[in-house]
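J.: Take a look at the letters that make up each chain.
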Amino acid sequence: MGIGERTVGEIKQQLGKSPDFVCQSAPLRDDDRVHCIYLASIVICEQIDELILKPILEAYAAGRNEGFSKPAAPEALSSLVPIANKTIAAGTAAAVKKLLDGQCVLVAEHAPGFLSCDVAKGDYRSITEPKTESSIRGPREGFVEDIEVNMALIRKRLKSPNLIFESFVIGSETATNVCMAYMGNIANEGIVNEFRKRLDAIQTDSVLESAYIEEWIQDKTLSPFPQLISTERPDGIVAKLLEGHVAVLIDGTPMALAGPITFFQLFSSPEDYYQRADIATLLRWLRMFAFVLSIFVPSLYIAIVSYHQELLPTPLLISIAAQREEVPFPAVVEALIMFITFEILREAGLRMPRIAGQAISVVGALVVGQAAVEAGFVSASMVIVVSLTAISNYISPTYSFGIAQRIVQFVFMLMAGVMGLFGLMCGVFMLFIHLVSIRSFGAHYMAPLAPLMLSDLKDTLVRVPRKLMTRLPQETKAKKNAR
Amino acid sequence: MKIIGILICLLLCSGCWDMKEINQLAIVNLGAADKDPETGRITAYYQVINPSALTNKQSGAAKAAVYTFKFEDFSLGRFTRQTTTIMPRSLFMPHMQALILSERYAKQGITDMINFVELSPDRRTNVIFLIAGSPIETIINSFSPLERMPGRYIRSLINLSGQGFETGYEPIRIKDLAKGMYRKKPMVIPIVSYTSSEPAKDTNRLEDIDIRKKTFLFVGGAVFRHGRMVGRLNFDEKQRYFLLNKNLTNYIETLTVNGDYVDVEASHIRVRRKFNASGLTYRIRATLRIVNNQQTTPVTRGNIRDIEDKFNRQFEAESQAFVRMAANKDWDLLGIQDRGIRDWKHVKVTFKVESDMSAIGNTTGPHTFERGN
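Protein chains in written order, with the working numbering: chain A, 1 to 483; chain B, 1 to 373.
FYI, nobody ran anything at the bench for these hints, they're computed from the structure.
Calculated lysine to aspartate or glutamate pairs in the EDC-like style (CA-CA distance at most 20 Å, straight line):
hint, chain 1, residue 1, chain 2, residue 2
1, B, LYS352, B, GLU265
2, A, LYS54, A, ASP31
3, B, LYS20, A, GLU325
4, B, LYS20, A, GLU310
5, A, LYS17, A, GLU5
6, B, LYS175, B, GLU118
7, A, LYS97, A, ASP118
8, B, LYS274, B, ASP332
9, B, LYS213, B, GLU137
10, B, LYS246, B, ASP332
11, B, LYS213, B, GLU147
12, B, LYS63, A, GLU325
13, B, LYS175, A, GLU310
14, B, LYS185, B, GLU166
15, A, LYS159, A, GLU148
16, B, LYS20, A, GLU326
17, B, LYS63, A, GLU326
18, A, LYS131, A, ASP146
Between the sequences and the hints, there should be enough to build the whole structure, so can you do that?
T.: Encoded structure:
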């Protein structure tokens, strides 16, 4: 038994005799052979036949090989294979890794080491419009599950030699490719180092989605607020890179991460920069107003209806009192019933087969809306409050921020329910304390308001025209100031 | 951990104790009180809103938009407790629109009521204050047209009449009374009356087209000196009181010019008072607008001057008559004593009135067809 056959046996052993493990042994001359091994499920078999085995066998048959007189070696084989992405390495573990990456490993019978050639299948969905972040004006391309395609999408928009990609392999079992991207001439060294350090420090068996990485590298675990932007829009990531942020791409998911971020960036959308500054500013205010509505409307309603009726104008008080005449529950219970029912419907709407969605929408609208009011379980004003809040939740450009709003909203509702406006004010103070205590990779979460950075306000509370945005945000501590 | 849990539970429970659901409240829209001068017993009336009757949707529900609850006791503080004997909901006063006191109560002094209202944290001191010109039970037990809540009806009337005032409202809130109580200048509070001796007790009254038959009516004002009612002013006297005290800046005056009536609206009335050796001088400037002109001659520049002169003279004459009336009744309605002048009755008050006509209407010449034929 030669070295090659032993190596093949060891590799096969390590892969657990997988059914897609294929080993083709091709005789070269005399007793010399080459073992071509690969995992059939993740490679293109035709390429192995045409680009690897066929040239080698033909060369040996014609006696054209330079090492014709000697036993075949990986170096000699490499010169025969017309594939660009190929490497020569040694060791069973390395060979196994190459196989799992979708490469074909050629092991010579009487020579150490191996040649690996990239023949991986590229079966990924095509680039489509991002489903969670659609836009009216702006690029329609979204990231896909293949990290290389995603890198290409960034490179296509950012043709700069300063764009740096750093590769990581994370996950002892999944060995997921993770890529950190930043602009070498803009991004702050400290922030880049911190990203690198945190990515290096991840000790996990698997990374299946960007959320895995996000949880590992975010600053504060016990917080509902996102501390990294997750987006599937390459234009959004490029904009972040140009402002000195660092992006993280993860193989197998179309969601990329970017940081550091601030609270107010959660109100901005890439689309803000694709339309006139005044319109973008108004839309940003609308989003902020919707955030305030979504966290305060239900809690204020509960506090006022249950504790502070004197705050209402008399006609409104009478109207609400008339609606609540037959309602058997206190306002806080009524609100919780409605909101939990709505959350159930929303969750069901997300998970259920699309074909059943319409039925649930009808049932939801009838049960939660009309029937509940007519039966006297809830008041019509509560339905208005729930609807307004629910719609306001969806206006957030970042989905995870919308979820954070819902959590804050429930906490505020409970506090308003047990302590009225005093409870609500306690909740507001706790929220502020929490928000100012968050750091995202060293950046203050509430910047540029706390601490106050006047120049950063031009792209926070308003979006000034592009001509006036001559400086990069201070919060990212970018290497250069001017754009 | 257990202790923290218990503390949190207690904190939450202490919050819930304060909870009063909106449908557990008896929302008082109008309040009234009477005091028997012999026994000193107070009768309190609470007009409570019936919310379901006020919404259009519930056609099958009761039609009465308000119900009046009546209680009698010897002290004001006992009423909240007493309401629990008959009222199925907790008394809720912050939305009370007006408080009506009987004339005999007002004549005994209303300091106790002002103190009671000001002491209570959940009662608003911007509630307007009125005196009943008819039996209080008639007023409080009557339904009102157009506005289904009598409290709101009365408040709307007051708000409309307050449009000519400099501040936008008549200074008749309880807090105005509390402030004015310490001055020598008497305060004037509107008197609300009822046009019928019988109250409109049921909602069938709302089917009657003739509103004047049974409705609320404002008739002059009650004069209060140091928190006690001392007399009455008629509608014109009340208006003059507010004009000369710089509260009212807009009113309509009827003049007789060349033997015919001319109604002018005096607006932007600026009143300046000056005390000097010769007495008190009022300088009054007003902008006039003709709202009704029955003269047969066209309006010329000379005619405009006639109207202005007539207005100036009439304003002066009426104001002098008002000063004489106040002195006769021993009411310092101009607040001269508040300037430190004790012998206020002998202070000579002079009026210098200037007016400018700013608008004469769409036509200068009247239609004279009937007279010409």
